[in-house]
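Number of protein chains: 2
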Amino acid sequence: MNTYGERRGALYDWMVRENSALALFEDAEGRRDPAVSWLSGQPGDAVLFLYAGKKALLMPWDIHICELYGESDLVIPYTEFERSPFKALRAALEAFKIPPGSRVEIPPTTAYPRFLRYVEDFSDFDIVCRSFGVHHEAAAARAVKDPMEIGIYRTVSAITNDIIEQVEERVRAGSIATEQDAALFIEAACRDRDCEGTGFETIAAGPRRSFAIHAVPAYTKGAFGTAGLSILDFGLKYRGYTSDVTLTFARAPLSRTQERMITLTEKAYRLALSLIRDGAAARDIGAAVDRFLCGAKKRLVHGLGHGIGLEAHEFPLFSTGADNEWTLRAGMVFAVEPGVYDSVQGGCRLENDILLTESGPEVLTYGRIIRLPAQQPPAVP
Amino acid sequence: MNTYGERRGALYDWMVRENSALALFEDAEGRRDPAVSWLSGQPGDAVLFLYAGKKALLMPWDIHICELYGESDLVIPYTEFERSPFKALRAALEAFKIPPGSRVEIPPTTAYPRFLRYVEDFSDFDIVCRSFGVHHEAAAARAVKDPMEIGIYRTVSAITNDIIEQVEERVRAGSIATEQDAALFIEAACRDRDCEGTGFETIAAGPRRSFAIHAVPAYTKGAFGTAGLSILDFGLKYRGYTSDVTLTFARAPLSRTQERMITLTEKAYRLALSLIRDGAAARDIGAAVDRFLCGAKKRLVHGLGHGIGLEAHEFPLFSTGADNEWTLRAGMVFAVEPGVYDSVQGGCRLENDILLTESGPEVLTYGRIIRLPAQQPPAVP
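Sequence order for the protein chains is A and B.
Quick note, the first sequence lines up with residues 710 to 1090 if you use the working numbering.
Quick note, the second sequence lines up with residues 710 to 1090 if you use the working numbering.
Hints listed in this document are in silico derivations from the structure and should not be mistaken for laboratory results.
Careful, some of the hints might be misleading.
A pair counts as met if it fits within one copy or between any two copies, since identical chains are not told apart.
Claimed, not checked - Derived lysine to any residue pairs resembling SDA-like cross-links, with alpha carbons at most 20 Å apart:
no. : residue 1 : residue 2
1   : Lys1007   : Glu776
2   : Lys764    : Pro822
3   : Lys1007   : Arg799
4   : Lys806    : Gly753
5   : Lys1007   : Ala804
6   : Lys1006   : Ile807
7   : Lys930    : Arg902
8   : Lys763    : Ala800
9   : Lys976    : Lys1007
10  : Lys1007   : His773
11  : Lys1006   : Gly762
12  : Lys1007   : Arg1038
13  : Lys796    : Arg826
14  : Lys796    : Ala1031
15  : Lys796    : Lys1006
16  : Lys976    : Glu1034
17  : Lys1007   : Ile807
18  : Lys1006   : Thr1036
19  : Lys1007   : Glu789
20  : Lys930    : Arg826
21  : Lys1007   : Arg740
22  : Lys930    : Asp993
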């Protein structure tokens, strides 16, 4: 059985135990769910049905893309149903001859007005839309990477590290001097190394714009790597999976506050690493880093980290919210990214990708805070 | 009153008529709603409350970005509520002293399990989640552009046209020879012309990959503009608004099928243009083009068009689904993009941005099918 078949197999078993006859997974604009790709190979824009009788039915929008990538027991073009999930669901129920009254799971992201329409259109079935159903099972399974996925992460990390080095060299040499230089270098360099592209729009923010958590716009023609703090947050996409790292370039002369921000960020990062282990509650680690920053009159204004995979932000979450129940497990791959921000002094963030093994965290990437000497001739203040 | 205040004013009036005391707009990862930006200037990642007593409360994730762009009667950092919309809503109800029993509108995109939580946590209020509530009013208002927005579209269209010309020149001269050449040229050129960047990831697909509606990956180091059909689909973002055009480069020698695909696409485009007028049902125009293509044994495998604005895909829709009730109105700006695809012959698409005026459609951009002579020495088949 191939990888996709194995992944589906585990979910079929779960569905049988839970008495769910059919599950609808939808990947569409505004309702993205990479589970479709993870379960079928189809890279997006499709509806996938899992039938507890151990059959999958894929309805791809682009049938030509499906011929290249899709893997499913049955395939019907989604355009035959006017890309309506309601029509698609009716067809799937008929294709598998599923008897009325059976349980059908729809995505937990289904908007309430759409949920009402499912219930109305399929009043002869038991429509279930719940946070911890088969879709959560798929997301939780995706959070723990299999050996093939870990192999992909070793490769994309090596490429990412190579590009980190090349960017550092070029910033030192002055051939990367603007935010745009940095971002476009990465776009070209990652494709030279067989990546599909970047995993998200590269954020390159020079000292005047690094105060923002996510600079708006993501990069400009403005100076990068000049005196003060510059942030470069990027990810590379390789065989569908994205890395996610952040470098801070700290060019002398730095203010005392900027020096303190660097120290704080590095300490927060080391604190996080020291707490990461199989079985740890992700929320507790986020909370510990927040407490540490609070002691220095700062806050963790964004999540401490997040799983990475087919999307740049996946499970597990490291948010400090009471509803974050994620436990770290061996095989998870996630980004850890503490940062501190100041409207005048700029921002400092350090982010690396980590594979959690049974013996502890293995840092896959070499994101770091890079100190640069004052430029000659020194800038007149 | 400023632009944001005027936009909010129209919604307050609607809320008073509908007896809605408070409306929650949320722009967050996975739940994007540019209405937040349209109503407050905050470029994203925020919760915005509109209170029928004619006050707005903005809760931005990044307070530094808000200081630059946000405009609201009241501002409280979202981090004070752990970025929880439930906690934020409780605070808003208290800030405006809204009495129990009042009607509170939450986004129609709210997932059913989250809807249940709102209803449970706010059982003392009348929580309303509906397709055609205040959020739809905002989306419909955004679909008809005001004079300032139309001015922005004239500017971004001029920049887009300039870049179309430059790309054509470079493809003819051979300095754009790969998909990556085309995409990275656009990234740099648009920033040279004061754009924030591209409105979405540029799709550049040479003859071997143009068969896909949306090529995966979006661009590679592969050949572009060689014999056959190459598609270039891009948009530029200027002051928040995105253009969206598609060029097809048709390099000789072309097969008879490819010639026919070009003719079909151009005819479908002209047919669409001939039907666009104030008061027309967008669905009917999509259906007419689909019927035309069916007569040639093809189908319209994607929507004929879509509104453009703060997002690349906005209202009105041109889908042929029975639930598409959009009527075209003067002041709307939308993209029209018929295309035909073949797994062997490649794809052909033509897309332009159109401002609908009372006297008819005004085509703002010069997207077209560009014929190129055979390369010297001619490729040996």
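So, going through the hints one by one against the coordinates:
1. Taking the closest pair of Cα atoms, Lys1007 and Glu776 come within 20 Å of each other only across two copies (18 Å); inside a single copy the shortest separation is 52 Å, beyond that limit.
2. Taking identical chains as interchangeable, the C-alpha atoms of Lys764 and Pro822 are never at most 20 Å apart, the minima being 29 Å within one chain and 28 Å between chains.
3. For the identical chains of this complex, Lys1007 and Arg799 are neighbours neither inside a copy (54 Å) nor across copies (25 Å), given an alpha-carbon limit of 20 Å.
4. For the identical chains of this complex, Lys806 and Gly753 are neighbours neither inside a copy (27 Å) nor across copies (45 Å), given an alpha-carbon limit of 20 Å.
5. For the homomeric pair Lys1007 and Ala804, neither the shortest alpha-carbon distance inside one copy (57 Å) nor that between copies (26 Å) is at most 20 Å.
6. Taking identical chains as interchangeable, the C-alpha atoms of Lys1006 and Ile807 are never at most 20 Å apart, the minima being 59 Å within one chain and 34 Å between chains.
7. For a Cα distance limit of 20 Å, the shortest separation of Lys930 from Arg902 across copies, 10 Å, qualifies, whereas the shortest one inside one copy, 25 Å, does not.
8. Taking the shortest Cα distances, Lys763 and Ala800 sit within 20 Å of each other inside one copy (17 Å), while across copies they are farther apart (48 Å).
9. In the homo-oligomer, the alpha carbons of Lys976 and Lys1007 lie at most 20 Å apart inside one protomer (13 Å), although the nearest pairing across protomers, at 61 Å, exceeds that limit.
10. Taking the shortest alpha-carbon separations for Lys1007 and His773, only the inter-copy value of 14 Å comes in at or below 20 Å, while the best intra-copy value is 52 Å.
11. Taking the closest pair of Cα atoms, Lys1006 and Gly762 never come within 20 Å of each other, the shortest separation being 57 Å inside a single copy and 37 Å across copies.
12. Taking identical chains as interchangeable, the C-alpha atoms of Lys1007 and Arg1038 are never at most 20 Å apart, the minima being 30 Å within one chain and 50 Å between chains.
13. Taking the shortest Cα distances, Lys796 and Arg826 sit within 20 Å of each other inside one copy (12 Å), while across copies they are farther apart (29 Å).
14. For the homomeric pair Lys796 and Ala1031, the shortest alpha-carbon distance between copies (12 Å) is at most 20 Å, but the shortest distance inside one copy (38 Å) is not.
15. In this assembly of identical chains, the alpha carbons of Lys796 and Lys1006 never lie at most 20 Å apart, being 55 Å within a copy and 23 Å across copies at closest.
16. For a Cα distance limit of 20 Å, the shortest separation of Lys976 from Glu1034 qualifies neither inside one copy, at 25 Å, nor across copies, at 56 Å.
17. Neither within a single protomer nor between protomers do Lys1007 and Ile807 lie at most 20 Å apart by alpha-carbon distance, with minima of 56 Å and 33 Å respectively.
18. Neither within a single protomer nor between protomers do Lys1006 and Thr1036 lie at most 20 Å apart by alpha-carbon distance, with minima of 28 Å and 54 Å respectively.
19. Proximity of Lys1007 and Glu789 under a CA criterion of 20 Å is satisfied inter-copy only: 13 Å between copies versus 55 Å inside one chain copy.
20. In the homo-oligomer, the alpha carbons of Lys930 and Arg826 never lie at most 20 Å apart, since the shortest distance is 48 Å inside one protomer and 45 Å across protomers.
21. In this homomeric assembly, Lys1007 and Arg740 never come within 20 Å of each other (Cα to Cα): the closest approach is 35 Å inside a single copy and 28 Å across copies.
22. For a Cα distance limit of 20 Å, the shortest separation of Lys930 from Asp993 qualifies neither inside one copy, at 40 Å, nor across copies, at 44 Å.
Consistency note: the structure conflicts with the earlier hints numbered 2, 3, 4, 5, 6, 11, 12, 15, 16, 17, 18, 20, 21, 22.
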